[in-house]
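The listed protein sequences derive, respectively, from chains A and B. With our numbering, you'll find the first sequence wraps up at 503, consecutive numbering, no jumps. With our numbering, you'll find the second sequence wraps up at 503, consecutive numbering, no jumps.
Each statement offered as a hint is correct.
Only some residues are given here: those of chain B computed to face chain A with a beta carbon under 10 angstroms:
#1 48
#2 51
#3 168
Think of the hints as simulated: they come from the structure by calculation, not from any bench. Ideal Cβ placement from N, Cα and C applies to all residues, glycine included.
So you can see what is in the structure, the chains are spelled out below.
2 protein chains.
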Amino acid sequence: MAKDFATRAEDYSKWYNDLVIKADLADHSAVRGCMVIKPYGYSIWEKMQAALDKMFKDTGHVNAYFPLFVPKSFLEKEEGHAEGFAKECAVVTHYRLKANPDKKGSLMVDPASKLDEELIIRPTSEAIIWNTYKGWIQSYRDLPLLINQWANVVRWEMRTRLFLRTAEFLWQEGHTAHATKEEAIEETERMLGVYADFAENWLAMPVIRGIKTASERFAGAEETYCIEALMQDGKALQAGTSHFLGQNFAKAFDVKFSNKEGKLDYVWATSWGVSTRLMGALIMTHSDDNGLVLPPRLAPFQVVIVPIYKSEEEFARVSEKANEIKKTLEASGVRVKYDNRDTQRPGWKFAEHEMRGVPVRIAIGPKDLDSGTVELARRDTLEKQSLPVSGLDAHIVKMLDDIQQSLYNRALKHREESTHRVDNWTDFEAALDKGGFIMAHWDGTAETEEAIKNKTKATIRCIPLNNVMEEGKCILTGNPSKQRVLFARAY
Amino acid sequence: MAKDFATRAEDYSKWYNDLVIKADLADHSAVRGCMVIKPYGYSIWEKMQAALDKMFKDTGHVNAYFPLFVPKSFLEKEEGHAEGFAKECAVVTHYRLKANPDKKGSLMVDPASKLDEELIIRPTSEAIIWNTYKGWIQSYRDLPLLINQWANVVRWEMRTRLFLRTAEFLWQEGHTAHATKEEAIEETERMLGVYADFAENWLAMPVIRGIKTASERFAGAEETYCIEALMQDGKALQAGTSHFLGQNFAKAFDVKFSNKEGKLDYVWATSWGVSTRLMGALIMTHSDDNGLVLPPRLAPFQVVIVPIYKSEEEFARVSEKANEIKKTLEASGVRVKYDNRDTQRPGWKFAEHEMRGVPVRIAIGPKDLDSGTVELARRDTLEKQSLPVSGLDAHIVKMLDDIQQSLYNRALKHREESTHRVDNWTDFEAALDKGGFIMAHWDGTAETEEAIKNKTKATIRCIPLNNVMEEGKCILTGNPSKQRVLFARAY
Numbered sequence: 013m014a015k016d017f018a019t020r021a022e023d024y025s026k027w028y029n030d031l032v033i034k035a036d037l038a039d040h041s042a043v044r045g046c047m048v049i050k051p052y053g054y055s056i057w058e059k060m061q062a063a064l065d066k067m068f069k070d071t072g073h074v075n076a077y078f079p080l081f082v083p084k085s086f087l088e089k090e091e092g093h094a095e096g097f098a099k100e101c102a103v104v105t106h107y108r109l110k111a112n113p114d115k116k117g118s119l120m121v122d123p124a125s126k127l128d129e130e131l132i133i134r135p136t137s138e139a140i141i142w143n144t145y146k147g148w149i150q151s152y153r154d155l156p157l158l159i160n161q162w163a164n165v166v167r168w169e170m171r172t173r174l175f176l177r178t179a180e181f182l183w184q185e186g187h188t189a190h191a192t193k194e195e196a197i198e199e200t201e202r203m204l205g206v207y208a209d210f211a212e213n214w215l216a217m218p219v220i221r222g223i224k225t226a227s228e229r230f231a232g233a234e235e236t237y238c239i240e241a242l243m244q245d246g247k248a249l250q251a252g253t254s255h256f257l258g259q260n261f262a263k264a265f266d267v268k269f270s271n272k273e274g275k276l277d278y279v280w281a282t283s284w285g286v287s288t289r290l291m292g293a294l295i296m297t298h299s300d301d302n303g304l305v306l307p308p309r310l311a312p313f314q315v316v317i318v319p320i321y322k323s324e325e326e327f328a329r330v331s332e333k334a335n336e337i338k339k340t341l342e343a344s345g346v347r348v349k350y351d352n353r354d355t356q357r358p359g360w361k362f363a364e365h366e367m368r369g370v371p372v373r374i375a376i377g378p379k380d381l382d383s384g385t386v387e388l389a390r391r392d393t394l395e396k397q398s399l400p401v402s403g404l405d406a407h408i409v410k411m412l413d414d415i416q417q418s419l420y421n422r423a424l425k426h427r428e429e430s431t432h433r434v435d436n437w438t439d440f441e442a443a444l445d446k447g448g449f450i451m452a453h454w455d456g457t458a459e460t461e462e463a464i465k466n467k468t469k470a471t472i473r474c475i476p477l478n479n480v481m482e483e484g485k486c487i488l489t490g491n492p493s494k495q496r497v498l499f500a501r502a503y
Numbered sequence: 013m014a015k016d017f018a019t020r021a022e023d024y025s026k027w028y029n030d031l032v033i034k035a036d037l038a039d040h041s042a043v044r045g046c047m048v049i050k051p052y053g054y055s056i057w058e059k060m061q062a063a064l065d066k067m068f069k070d071t072g073h074v075n076a077y078f079p080l081f082v083p084k085s086f087l088e089k090e091e092g093h094a095e096g097f098a099k100e101c102a103v104v105t106h107y108r109l110k111a112n113p114d115k116k117g118s119l120m121v122d123p124a125s126k127l128d129e130e131l132i133i134r135p136t137s138e139a140i141i142w143n144t145y146k147g148w149i150q151s152y153r154d155l156p157l158l159i160n161q162w163a164n165v166v167r168w169e170m171r172t173r174l175f176l177r178t179a180e181f182l183w184q185e186g187h188t189a190h191a192t193k194e195e196a197i198e199e200t201e202r203m204l205g206v207y208a209d210f211a212e213n214w215l216a217m218p219v220i221r222g223i224k225t226a227s228e229r230f231a232g233a234e235e236t237y238c239i240e241a242l243m244q245d246g247k248a249l250q251a252g253t254s255h256f257l258g259q260n261f262a263k264a265f266d267v268k269f270s271n272k273e274g275k276l277d278y279v280w281a282t283s284w285g286v287s288t289r290l291m292g293a294l295i296m297t298h299s300d301d302n303g304l305v306l307p308p309r310l311a312p313f314q315v316v317i318v319p320i321y322k323s324e325e326e327f328a329r330v331s332e333k334a335n336e337i338k339k340t341l342e343a344s345g346v347r348v349k350y351d352n353r354d355t356q357r358p359g360w361k362f363a364e365h366e367m368r369g370v371p372v373r374i375a376i377g378p379k380d381l382d383s384g385t386v387e388l389a390r391r392d393t394l395e396k397q398s399l400p401v402s403g404l405d406a407h408i409v410k411m412l413d414d415i416q417q418s419l420y421n422r423a424l425k426h427r428e429e430s431t432h433r434v435d436n437w438t439d440f441e442a443a444l445d446k447g448g449f450i451m452a453h454w455d456g457t458a459e460t461e462e463a464i465k466n467k468t469k470a471t472i473r474c475i476p477l478n479n480v481m482e483e484g485k486c487i488l489t490g491n492p493s494k495q496r497v498l499f500a501r502a503y
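Sequences and hints are given; from them, build the entire structure.
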């Protein structure tokens with residue numbers, strides 16, 4: 013595998029795109045803005061899905077499936093929601109093709125199949141789900157409804173990037189219904205906690221938990237909670253959001269319930285989601301100029317064994333030992349691949365597995381057989397060492413834990429070193445040039461937020477939860493402020 | 013839970029629809045022809061997915077994800093394929109909505125967002141996938157490609173029924189690419205075997221493996237293999253198909269590879285799929301007038317424990333024992349729910365769990381505590397017995413196996429009793445009236461097949477694999493025939 017791809021220092025954006033392609037994670041498709049998630053990339057997504065799905069179920073949620081299509085009139089019902097998504101809606105207008113009489117072998121849309129009402133491909137499912145919940149909720153006994161959906165959604169983006177921003181993407185969307193405001197807020201916060209836990213303990217990606225400003229809120233939400241991560245290039249990435257929707261959707265779809273006192277009230281709602289965008293976050297948090305670096309908990313294979321041999325006889329001897337090691341490791345719960353392809357040389361395999369981010373590589377040749385050792389290489393540090401086969405499994409289990417923790421620590425250190433506290437505009441601009449998170453005072457108005465964005469492309473990523481209250485002056489207007497907020501340029 | 017639903021004898025079709033709704037499996041949605049899969053129904057589908065996914069991976073397949081959209085020109089490329097699907101395509105023509113100037117608060121399709129080329133919502137993914145494979149396959153070293161996708165697809169059906177025929181449905185579609193015809197046929201047959209294994213060992217549903225006639229083939233296939241099951245009402249249901257696609261799609265999308273001899277050749281293809289239709293098959297194979305009957309291997313909960321009590325004190329004592337039994341059963345790998353809701357009476361719970369098909373019910377009250385027993389009820393036979401708590405786990409594990417096997421045996425017996433061999437038209441019509449599979453001679457022409465279908469609505473479900481060769485005369489034309497084929501009216 014040739015390493016003909018950009019380094020991060022040369023061109024971070026090109027490095028990212030090259031890596032996604034060369035590590036076999038995804039590919040551009042022939043359909044504008046849509047990607048193909050390749051088997052290796054998809055197997056990482058499957059690991060993410062499995063971990064998240066378990067966390068959702070452990071917190072009392074169940075999965076269901078709602079239609080892909082949202083009638084246009086449903087989307088209109090919640091005004092803010094409609095405004096937020098109208099500009100990026102893929103619209104189904106017809107349901108049939110027919111032979112084109114003017115061009116043999118070609119098809120045309122059958123004008124007779126025009127739909128009375130256009131159907132929108134879901135950009136998110138609040139509208140179709142709340143229309144459904146209306147039929148499911150009558151009494152407080154029907155609450156809470158704690159439902160999640162794994163699905164594809166479409167948002168017609170003009171500028172797309174693999175995983176980070178694609179017209180179609182995969183995600184999960186939780187949609188819950190509650191009897192009280194307090195319970196709904198508690199749920200919103202609980203799921204933010206699940207996302208933060210997942211980001212930190214599975215992706216090994218430290219995140220800041222916070223609340224969005226009004227202008228950055230989800231269309232239709234009363235409050236949007238988020239987790240924000242810092243990428244290697246100093247740009248922020250929103251990694252997950254959890255919305256307290258108040259009674260907005262219940263009112264739009266007339267979903268009322270009789271409470272314990274027998275009085276009718278509108279239902280309280282939350283929604284929360286993470287998507288294949290997390291694949292982009294994963295890549296840009298840990299990877300290096302040799303390719304992908306995977307946290308062991310999400311690696312499809314945590315260990316790859318590469319045989320070194322010159323003859324069939326050597327291959328047979330090495331394979332015997334390799335399979336033995338594989339079995340021992342698997343018995344310890346480690347995911348192992350024995351790469352016994354005879355079509356590629358060891359050096360090529362080393363580079364390929366490095367590119368694909370396999371956390372630990374074992375090389376084993378005839379000399380190792382004689383000495384009872386193997387060569388071990390760690391993907392994160394690129395360190396190599398020779399180790400006895402005896403006790404290898406315990407060593408590797410420990411090493412995998414260590415890699416998981418080291419990746420997190422490294423990312424946390426990077427974030428801490430890249431987080432700046434500034435108190436005036438000059439320092440703000442200088443900090444933005446360096447990249448990273450900036451904690452600065454803001455006067456709390458949407459106008460100032462907008463002005464800062466227009467001047468610098470930096471946005472308020474969030475108002476961190478448990479923020480320290482502190483008097484100060486807005487970096488742009490000098491008006492009084494009660495707390496610092498988190499600024500950054502973002503993906 | 014009221015049992016106000018039709019019996020099978022009264023109205024099988026209404027019984028089916030009522031059951032789907034009352035067992036909380038699925039619901040009609042506000043979108044024409046689309047269903048909502050409710051949490052309980054979805055949890056059964058998740059069990060199916062998990063079992064199938066493991067079988068696919070055990071046979072060397074990997075998952076990936078391809079775009080929802082198929083450009084119209086791609087669909088056109090394989091002529092038979094295009095003809096087969098053109099009439100049921102949902103078509104995206106625009107990508108943006110805008111405020112309707114004539115009607116405040118409403119949205120309209122923005123005419124300026126018309127797509128240059130219409131996008132079809134995938135009815136199946138051969139076209140988009142083979143266009144992608146073109147970039148992935150150059151040499152025999154790139155083969156085989158053994159890829160599966162879990163996805164939603166849309167076929168605009170005019171008459172829809174929950175699970176059995178819906179405009180949108182969930183499925184998996186395998187798409188493999190091979191260097192030789194033999195290998196592709198072997199794969200087609202292997203996956204048919206996987207489906208048959210799954211149907212029989214998980215759904216407890218016996219199936220006939222066979223080959224479709226030319227007129228019943230998948231649009232674009234050289235040969236379609238299928239598994240056919242017989243429902244309780246004597247109608248057949250196609251439960252899965254596996255297609256040998258020859259080089260049709262490779263030719264349509266110009267996918268060539270250099271073989272070991274360095275010569276260019278077109279790639280050989282297969283595709284295979286099963287869908288949420290299997291939920292319908294599951295229901296109509298085992299369920300009864302009391303509701304759903306689930307094979308234990310697919311039951312979200314295999315055992316439900318219902319407490320019987322009159323006082324708080326009794327409830328506490330019963331709960332202690334119930335939780336103890338739950339733990340013991342779970343340690344034996346049994347999925348158990350303790351239904352400790354205080355909002356419903358035991359009788360109501362019994363009926364609900366019966367309706368939802370929980371294989372085994374345990375009732376436990378104060379008298380049981382005194383005698384060290386519980387009351388056990390089997391969903392399939394509705395038999396009840398009193399059993400000592402001691403040794404209960406082993407008894408239940410055995411009972412679950414027995415239910416799984418009994419359901420299969422009962423369905424097989426029904427199929428055998430409902431399979432008729434007939435040799436003339438009068439007997440054929442009489443057998444059709446009784447319902448079931450009919451083994452009869454056919455002269456092998458599409459004309460005769462069509463004539464029989466028009467006269468009776470019966471179709472040739474398949475030519476069974478390993479069919480016994482036998483000289484005979486076509487039931488309609490009297491022309492010579494070499495083997496019997498399988499006729500039935502079908503879902």
